[in-house]
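Keeping the supplied structure of chain A fixed, place chain B upon it in accordance with the hints.
One-letter residues, chain by chain:
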Amino acid sequence: MHFKIKQERVCTRMPSLYIHVPFCIQKCDYCAFYSHSLVDSPEDLISVYLEGLEVEMTKRQKDAPQGVSSLFIGGGTPTALKAVELERLMKMIHRCFPMNEGAEKTVEGNPGTLTDEKLTILRRYGINRFSLGVQAFDDSLLSAVGRIHTARQAREAIGRLRSAGFDNLNLDLMFGLPGQDMILWQATLEEALSYSPEHLSLYGLMLEEDTPLYERCAQVTNNQTENALQLDLLPDDDLQADMHEWAVERLKQEGYRQYETSNFARPGYDCRHNLGYWRGADYLGLGPGAVSCLNKVRWKNVEDVRVYENCLQSGQSPIDEAGEEVLTLRERMAERMILGLRLEEGVDFILFRNDFGEDLRDIYRDVLEHYKDKDVFVADNDYLRLNPKYSFIANSILRDFV
Amino acid sequence: MDALSFIIHRAKSYNRGRKLVEKLRGIIPRQMFEIPIQSVIGNKVIARETVSAMRKDVLSKCYGGDISRKRKLLEKQKVGKKRMKQVGNVEVPQDAFMAVLKIDD
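In order, the protein sequence lines correspond to chains A and B.
At position 139 of the first sequence (counting the first as 1) the number is 139 in our numbering, and the numbers step up by one without a gap.
Just add 402 to wherever you are in the second sequence, counting from 1, and you've got our numbering.
If you're looking for bench data, these hints aren't it; they were derived computationally from the structure.
Don't take each hint at face value.
For lysine-lysine, the following DSSO-like pairs were computed, each having C-alpha atoms within a straight-line distance of at most 27 Å [unchecked claim]:
hint	chain 1	residue 1	chain 2	residue 2
1	B	K446	B	K425
2	B	K504	A	K374
3	B	K478	A	K374
Here are a few chain A residues that face chain B, going by a calculated C-beta distance under 7 Å [to be verified]:
hint	residue
4	G204
5	D237
6	D238
7	Q240
8	S262
9	Y277
10	Y283
11	E335
12	F392
13	I393
14	A394
15	N395
16	R399
C-beta: ideal position from N, C-alpha, C; glycine also.
This is chain A alone, in the form it adopts within the complex (with noise of 0.2 Å):
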């Protein structure tokens, strides 16, 4: 079937809010992510943290004069904040962003973390999505990548979230884990499709430089090839293609959308937060280690809870000179190739035209010429498009776009 969606233009003058909640109760041996381990961390840090960000949020009011279009919290674990922190954190975004109640407004969390009266401070608050780590319904499985929760809690969070009025629910899952085989991980999915999510997205894991993972694969193979590092200890890339390509399958059985190469979601769900990175959208990210982007400039606040306070308290900028780039032409074209490319409506010729000045087809000319007789792009009038059966190998062709 063919879905034809129209793209929405980019707007600079509604950006999409992230709020970046760096803690978590533990960190999981494979994440990379910018967060404190809440049981390792002083206990003033996330005081700390919220005093920061109430300053921060305060001065960058000026960048969204016309409000955000959307708002994802994000890290970390959000939920693993105390009911009064997570208040109050609801209670600055409400004043320095008000948001139409229609706007999607998202909060991602963890099983273990979640009580009735957090919940009831979200959706009091006007969340209207949420975004459960759920990865697994295996102990096993969830234990030999550090995750502390356990399948039950899992199951619990998603009741609770039921209970609570959140009707519009995604689930996190991780496939490729330690240990996993084909038939573990369709358990999961298959579990995962019993409670109805609206929205699912599945993650092939990835050993990320300077995780516990990777350190410990490392040790194993004694730092041979890359490759190396997945011999014996996890699912091989053909094991992987085949868990994505059943996945794909069994969920375009049930009435999901692959709307991207790892979200996956009812007619209605796609998340827009997200949707609006990849259509090259701007965004605003607050809190240390949150990236935003505005008007062509693309910069990071420095990943040091103390320092992005301290900053902030004393009038200085909490951004990280060394992660500040102005994203050139070329840069941004490249962006919009690598991120449209893995969306299922793909490209759009006009809006490409529109916000760079040129056709992406004639930019590109040589790269469409090379994959004219391999069936790798699908194109009509309006959008440029990759073969679905690429999508699990899409770098091999995304890199010649940059």
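Here is chain B on its own, set in the frame of chain A:
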């Protein structure tokens, strides 16, 4: 492929050809399509191996905080690929050519 051609006594041709295709199979990386590797004398194939098509080469996640890093990663990988010799549609690393010289090692 001329660069991987060599002259050898007929009595040793099969063994050498087999060793070479096995070695190249371990050196040539998986690519978008299946790659047959053959040792040939004239038109006669004396040994054959296949590099199966790549199945996974993808970024699991790419959200707002990842975009620059992932774009730069692709740029770096592209530079790495350029170092390889393109033979038709196949990217062949320099190691492959050294393999011919070292096949008796």
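Point to revise | Interface hint outcome for G204 (chain A) [beta carbon to chain B under 7 Å] | key: holds (5 Å)
Exercise for review: Closer than 7 Å between Cβ atoms is the bar; does F392 (chain A) clear it against chain B? Give me holds or violated.
Suggested key: holds (5 Å)
Exercise for review: So, I393 (chain A) near chain B? Judge it on the closest CB pair being under 7 Å.
Suggested key: holds (4 Å)
**Study point:** Interface restraint verdict for Q240 (chain A) against chain B (beta-carbon cut-off 7 Å)
**Key:** holds (5 Å)
Exercise for review: Hold the hint about D237 (chain A) up to the distance rule: shortest CB distance to chain B must be less than 7 Å.
Suggested key: holds (4 Å)
Point to revise | Agreement of hint N395 (chain A) with chain B interface, Cβ distance less than 7 Å | key: holds (4 Å)
Practice item. For the hint on Y283 (chain A), just tell me whether its beta-carbon gets within less than 7 Å of chain B. Key: holds (5 Å)
Check your understanding: Are the Cα positions of K504 (chain B) and K374 (chain A) separated by 27 Å at most?
Key -> Roughly 35 Å between the alpha carbons, so the hint for K504 (chain B) and K374 (chain A) is violated.
**Study point:** Hint status (Cβ of R399 (chain A) to nearest Cβ of chain B, threshold 7 Å)
**Key:** holds (5 Å)
Review point. For the hint on E335 (chain A), does the least C-beta distance to chain B fall short of 7 Å?
Key: With a minimum Cβ separation of about 6 Å from chain B (threshold 7 Å), the hint on E335 (chain A) holds.
Review point. For the hint on Y277 (chain A), does the least C-beta distance to chain B fall short of 7 Å?
Key: holds (5 Å)
**Study point:** Satisfaction of the S262 (chain A) interface hint, Cβ to chain B closer than 7 Å
**Key:** Holds: closest Cβ of chain B sits about 6 Å from S262 (chain A), inside 7 Å.
Figure legend: structure checked against the earlier numbered hints; the only hint not met is number 2.
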